[in-house]
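Trainee: Sequence:
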Amino acid sequence: MNAIKRNIPNAITCLNLLFGTIAIVFIFQNRLVDASWMVVLAAVADFFDGMAARLLNVSSPIGKELDSLADVVSFGVAPGLMIYQLINNPPYSWIGLLVPIFGAIRLARFNIDTRQTTYFIGLPIPANALLIISFPLAIAHNEFFGNLYSSSIVFTCWFFSALAIFCSAIMVSTIPLMSMKVKGLGWAENKARYILVIFSVLAIIILGYAGVPLIILLYIILSLFANPEKAVHE
1 MNAIKRNIPN
11 AITCLNLLFG
21 TIAIVFIFQN
31 RLVDASWMVV
41 LAAVADFFDG
51 MAARLLNVSS
61 PIGKELDSLA
71 DVVSFGVAPG
81 LMIYQLINNP
91 PYSWIGLLVP
101 IFGAIRLARF
111 NIDTRQTTYF
121 IGLPIPANAL
131 LIISFPLAIA
141 HNEFFGNLYS
151 SSIVFTCWFF
161 SALAIFCSAI
171 MVSTIPLMSM
181 KVKGLGWAEN
191 KARYILVIFS
201 VLAIIILGYA
211 GVPLIILLYI
221 ILSLFANPEK
231 AVHE
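This note's numbering numbers the first residue of the sequence shown as 1 and each following residue consecutively.
Hints are computed from structural coordinates only; laboratory data are not their basis. Take these hints with a grain of salt, some might be off.
[Unchecked claim] Now the in silico label distances, taken between C-beta atoms and shown as ranges: (1) N111 <-> S150: 39 to 45 Å; (2) C14 <-> L224: 21 to 27 Å; (3) C14 <-> S173: 28 to 34 Å; (4) S150 <-> L217: 20 to 26 Å; (5) P91 <-> S152: 16 to 22 Å; (6) V201 <-> S152: 37 to 43 Å; (7) I153 <-> F47: 32 to 38 Å; (8) V58 <-> F144: 45 to 51 Å.
Glycine included, every Cβ here is placed at the ideal spot set by N, Cα and C.
Start from the sequences, fold in the hints, and give me the full structure.
Mentor: Following this line, the structure appears as C-alpha cells:
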C-alpha cells in the first residue's frame, strides 16, 4: 500500500508525459489545435502531481527528476515543434527548436536553485508553453488572427521567429517573477496577484484565446514591481 501511495504522484507525472507525447504526434499531423489541448492537459497533470505529493506527504528524488523530464517534453519539445510548424518557412522554422533547448536549461537551473520557493527566476516553462499554444487556438477561433496568419507569410515567419527567441530568452532570464501561492488573503500583500486574476478573467471573456499573451505580458510587468529587490540576492 505504501508503494502505491508513494507512486501516485509519479503516475500523474507520467500522464503529463503521455499528453505531451500525444501533442507531438498531433503536431506531426499538423493538428495544432488538438496538440494545444494536449499541452493544456499536460499542464493540468503537472499541477496535480505536485498537489498529490503534498496531500499524500510523499516525495522522492526520482519524482523530481521524472517531473523535469516530462516537462521538457510537454512544455519544451511540443511547443518548440509547434512554433516550427507555425513559422512554416525553412530555414527559419528551425528557430522554433530554441524553445526546448532553453526550456531544458531553465529546468536544470530550477532544480539546483534553492531560492525559487516563493518566487521564480525567469518565466516557468509551463507558463511559457501556455503562451505559445494560445496562438494556434487564437488563429483557429479568432477570425482576425486567422486571416492575419493565412494572408501574410512574411509577417507570420518573422513574428513566430521573434516569439521563439523571446520565449527562450525570458525562460533563462534573471527576472524575478511572482509566484501565485498566497499566505493570506489581504489586499496589500496580494495586490499584484488580484490585479492579474481580474485582468485575466476580463481578457479571456473579451478576447478569448488571444488574451493569453496579454495575461503573460501583464504577469511579467506586475512581477517587476511585486517582487522585492532583495529576493534576487538572497
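Trainee: Work down the list of hints and note, for each, if the structure agrees.
Mentor: Okay, the hints, checked on the actual structure:
A hinted range of 39 to 45 Å holds for the C-beta pair N111 and S150, which are about 41 Å apart. C14 and L224 have their C-beta atoms about 36 Å apart, which leaves the hinted 21 to 27 Å range violated. Separated by about 30 Å at the C-beta atoms, C14 and S173 satisfy the suggested range of 28 to 34 Å. Between S150 and L217 the C-beta distance comes to about 25 Å, which sits within the given range of 20 to 26 Å.
Checking the proposed 16 to 22 Å range against P91 and S152 shows it holds: the Cβ atoms sit about 19 Å from each other. Taking 37 to 43 Å as the suggested C-beta distance range, the pair V201 and S152 does not conform, at roughly 31 Å. Separated by about 37 Å at the C-beta atoms, I153 and F47 satisfy the suggested range of 32 to 38 Å. Take V58 and F144: their Cβ atoms lie about 48 Å apart, and the range 45 to 51 Å holds.
Consistency note: the structure conflicts with the earlier hints numbered 2 and 6.
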